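Chains A and B supply the protein sequences, listed in that same order.
Numbering-wise, the first sequence is residues 1 to 129 according to the numbering used here.
Numbering-wise, the second sequence is residues 1 to 716 according to the numbering used here.
Treat the hints as calculated values from the structure; they're not laboratory data.
Watch out, some of these pointers could steer you wrong.
Unchecked claim - Result set (BS3-like, lysine-lysine): computed pairs, CA atoms no more than 27 Å apart in a straight line:
(1) Lys195/B x Lys162/B
(2) Lys185/B x Lys195/B
(3) Lys7/B x Lys110/A
(4) Lys3/A x Lys7/B
(5) Lys162/B x Lys193/B
Claimed, not checked - Restraint ranges, calculated between C-beta atoms of paired labels, are given here:
(6) Arg127/A x Ser361/B: 53 to 59 Å
(7) Ile316/B x Asp77/A: 46 to 52 Å
(8) Arg49/A x Thr578/B: 56 to 62 Å
Just so you know, these numbers come straight off a predicted model, no measurement behind them.
Even for Gly, the Cβ is constructed at its ideal location relative to N, Cα and C.
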Amino acid sequence: MAKILLVDDSMSMRAFVRSALVANPAVLGDDGEVVEAAGGFEALRLLPRGPYELVITDINMPDVNGLELVQFMRKSDQHKNTPIILISTQKAQRDKDRGLRLGANVYIEKPFTADALCAEAIRQLGRDG
Amino acid sequence: MTDGIDKAREEFFSEAQELIEMFSRNLLALDEQGIGAADPSIINEAFRAVHTLKSLAGLFNATEMGRVSHTLEDVLDRLRLGRLKASPDVLDVLFAAVDCYGAMLAAERGEEGLNQPQIEKLMGVLGTLGESAVEEAPDQMAFDLEPGLLAVLTEYEEHRLKTNMDAGQALFRIRVRFDLATIDKALEDVKAKAKPHGEIITYLPTGDAPSADAIELDLLMASSSSLEQLEAALGGTDLTITAIPRISQASASTGISSLSTHALGTSSFAAVGEETAGSTVAVGDNPRTEPPVNAELNVPAVPMLRSVADTVRVDIRKLDGLMNVVGELAIVKSALNRLGDRLRNTQDRELRREVSRIQRSFERRLSELQDGILEVRMVTLGQLFDRLSRVVRQISRDMGKEIRLVVTGAQTEIDKLLVEELGDPLMHIIRNSIDHGIESAEQRKAIGKPVAGTIALNAYQKGNHVVIQIEDDGQGVNEAAVVERAVRAGHLAANEVEMLSRAEALGLIFLPGLSTREQAGEYSGRGVGMDIVKTNINKLGGIIDIQSEYSIGTQLVITLPITLAIVNALLIRLLGRTFALPLSSVAEALMFDEKLVRTVDGREVMTLRGSTLVLCRLDRFFELKEPALPHEGPRYKSVVVATMGARRLGLVVDDLLGQQDIVVKGLGPTLRHVRGFAGASELGDQRVALVLDAGAIIEEALAGHDAVTTMRARPS
Chain A
1 MAKILLVDDS MSMRAFVRSA LVANPAVLGD DGEVVEAAGG FEALRLLPRG PYELVITDIN
61 MPDVNGLELV QFMRKSDQHK NTPIILISTQ KAQRDKDRGL RLGANVYIEK PFTADALCAE
121 AIRQLGRDG
Chain B
1 MTDGIDKARE EFFSEAQELI EMFSRNLLAL DEQGIGAADP SIINEAFRAV HTLKSLAGLF
61 NATEMGRVSH TLEDVLDRLR LGRLKASPDV LDVLFAAVDC YGAMLAAERG EEGLNQPQIE
121 KLMGVLGTLG ESAVEEAPDQ MAFDLEPGLL AVLTEYEEHR LKTNMDAGQA LFRIRVRFDL
181 ATIDKALEDV KAKAKPHGEI ITYLPTGDAP SADAIELDLL MASSSSLEQL EAALGGTDLT
241 ITAIPRISQA SASTGISSLS THALGTSSFA AVGEETAGST VAVGDNPRTE PPVNAELNVP
301 AVPMLRSVAD TVRVDIRKLD GLMNVVGELA IVKSALNRLG DRLRNTQDRE LRREVSRIQR
361 SFERRLSELQ DGILEVRMVT LGQLFDRLSR VVRQISRDMG KEIRLVVTGA QTEIDKLLVE
421 ELGDPLMHII RNSIDHGIES AEQRKAIGKP VAGTIALNAY QKGNHVVIQI EDDGQGVNEA
481 AVVERAVRAG HLAANEVEML SRAEALGLIF LPGLSTREQA GEYSGRGVGM DIVKTNINKL
541 GGIIDIQSEY SIGTQLVITL PITLAIVNAL LIRLLGRTFA LPLSSVAEAL MFDEKLVRTV
601 DGREVMTLRG STLVLCRLDR FFELKEPALP HEGPRYKSVV VATMGARRLG LVVDDLLGQQ
661 DIVVKGLGPT LRHVRGFAGA SELGDQRVAL VLDAGAIIEE ALAGHDAVTT MRARPS
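With the rest of the complex left out, here is chain A (with noise of 0.2 Å):
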């Protein structure tokens, strides 16, 4: 099973990437789960909660935003090693290579299709063969 941590501060957001996560048996298996946080400070007190074989969060966010979360991750014993990928917009060149050197593993730029996200998640997650 999977358990994917999806942290965004949009609503819709994480309405969109739960749909398409949920919608493909590849990425979550028989009884995985998508774990949602409206923020960083959310993800801080949910991360303890885990382990969590993949974490899919938004870099643009009030208070903690996402960069810190990367950090804070790769320097915990528990998630440094845990998958990442940071959503992101396409002309955030910077913020992203930013959070790639921070540690996170792949980002994906908005706009996505549902599609490209699982591609993304079972390729993150060691699934694609």
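Keeping the supplied structure of chain A fixed, place chain B upon it in accordance with the hints.
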């Protein structure tokens, strides 16, 4: 999948709506504070709203919304980074974008087609704003900050850091430890205490939490207060504040790449700085040297007041569903009460006591449940008032009139459904005020009024009603012209004019056909579709009153019930039939005595504590004939004093049957237009009662319409 996506799309609509409203609120705040001098976090919040709208538009294939957001985001990004000079003209364009968003969202919902010319016009103007960008000179970091911290700052945060540095603010690192269980509240607490002292630039988790239930954060704060002052303001056991020293000009000129991390000692920043040292240096330099034209977009970590995590969005129809269940339970309650009544004669006292206890407990819980659901339905009038502020701004600019809008009572709460329906009537009224009520600047100067006209919007709760007042200091209604117009339109005969009271004359303005735009100017212009306004307010179970003094101003007062979902009603009997009258419009009920009835001006009245109360025999009012069943019980035993706003009417009924909570259901399309009835309700013993619409009855019986029709009916 389809379900999930549909649901996601629904979320999209409501979130987009909220974002547009937030954007609009930000613009109003900018306008109020003066766009040049406004709190930087407001521009940033506006940027965030548009940024999120852009992402959503992309996901949900709202192409045009995405295109507009993209350009708008650029403009706002330049504004917040200080690369575009803030001016009232820019603000005008941003306000135009709010309207455009509204139209685009409606188009996405399929409510109307896309207004392409509006979009192109906006895009054109936005394009010219983008070109006039002011470039910001690259600058050096003047504080002893570790690269590890700089690596996680977004571009906006860097900009705020620099702006604060330029303003000579000192930098502090506040290390706070939070209990995970209470972090939201604790954080808001810190933010609120810090706010008067400066700006929190970022929040960074240190990773050095003492236990799994706690978390440690480093807050980077710019402030003009001293360390001691900050400590006094924020003081707490789990909090340490360190001043971050400024570095000398010489080392600053070499850039942050040469900075050591010793200043913060064993800071968590340092560890990361080492790990990523090779790249961090480059990143630290990067934003200073790259051309501003390639500004990247990122949304910064500026605190927002609301905690998104603790809120759920609920479709109001679901609440209606729950309220219906409460209605059914109210019926169960009545059944239980009847059972209790039957047990009154039983010898089994134990059973009687037991049932009575259950009855009371059920009643209490039911009332809690009902209050809870009602509370969820309540929203403040704030959002609506914000929208109206925008309209005032727009129209007054279009017409070249200077208008001051004074809003009070925006916190007043009212049923969500009512708020939705209130928008159009209020918009009409305000448009009228600006268009025809408030004089031109020259006229105002000539008669010694302040050049700027004032419109005051006030709301407050009064018992189970919400009162909304809209007042202007314009030229007032010329009632003679209104009356003349009413006579010409055939609403009343010329010889009836002198019998009109002043209030009745003003009330004529609500008659259909009396107020259209062409004739508007004739009587100080008030009255674009005032009949429609009145009809809409009546439909919501409310009433509207007008007061006006020639050359001084006009006041419209709207009185509405707080909610339509459930009402406590007085059950009355009329010729063997049962009716329900919402208690919210009942002031009192008393015994009726024929001997006290007098006739004044063709109307039955009685004196109640020194003042005159107009009476209305409801059976005659509704032209009820004797029932098929042989008539039983007393006739005209009671009089119920119904009130709406300042008006009172004594309803003469056969008998009072008691009180009951009822869920009012619509009468269906065929009967919907029958005046005087708000709906029907099931009473619990398979009986159905018609629910009286006190507002409509009072109006019909007392004022405007009825005053006129009665007079016409009278032989003259």
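For each hint, the structure was consulted:
A C-alpha spacing of about 19 Å is found between Lys195/B and Lys162/B, which places the hinted pair at or below 27 Å, so the restraint holds. Proposed proximity of Lys185/B and Lys195/B is supported: the alpha carbons are some 15 Å apart, at most 27 Å. Restraint check for Lys7/B and Lys110/A: the C-alpha separation of about 20 Å stays at or below 27 Å, so the hint holds. Proposed proximity of Lys3/A and Lys7/B is supported: the alpha carbons are some 22 Å apart, at most 27 Å.
This hinted pair checks out: Lys162/B and Lys193/B have alpha carbons roughly 23 Å apart, not beyond 27 Å. Between Arg127/A and Ser361/B the CB atoms are about 55 Å apart, so this pair conforms to the stated range of 53 to 59 Å. At roughly 47 Å, the beta-carbon separation of Ile316/B and Asp77/A lies within the given 46 to 52 Å, and the hint holds. Here the CB-CB span from Arg49/A to Thr578/B is close to 57 Å, well matched to the stated 56 to 62 Å.
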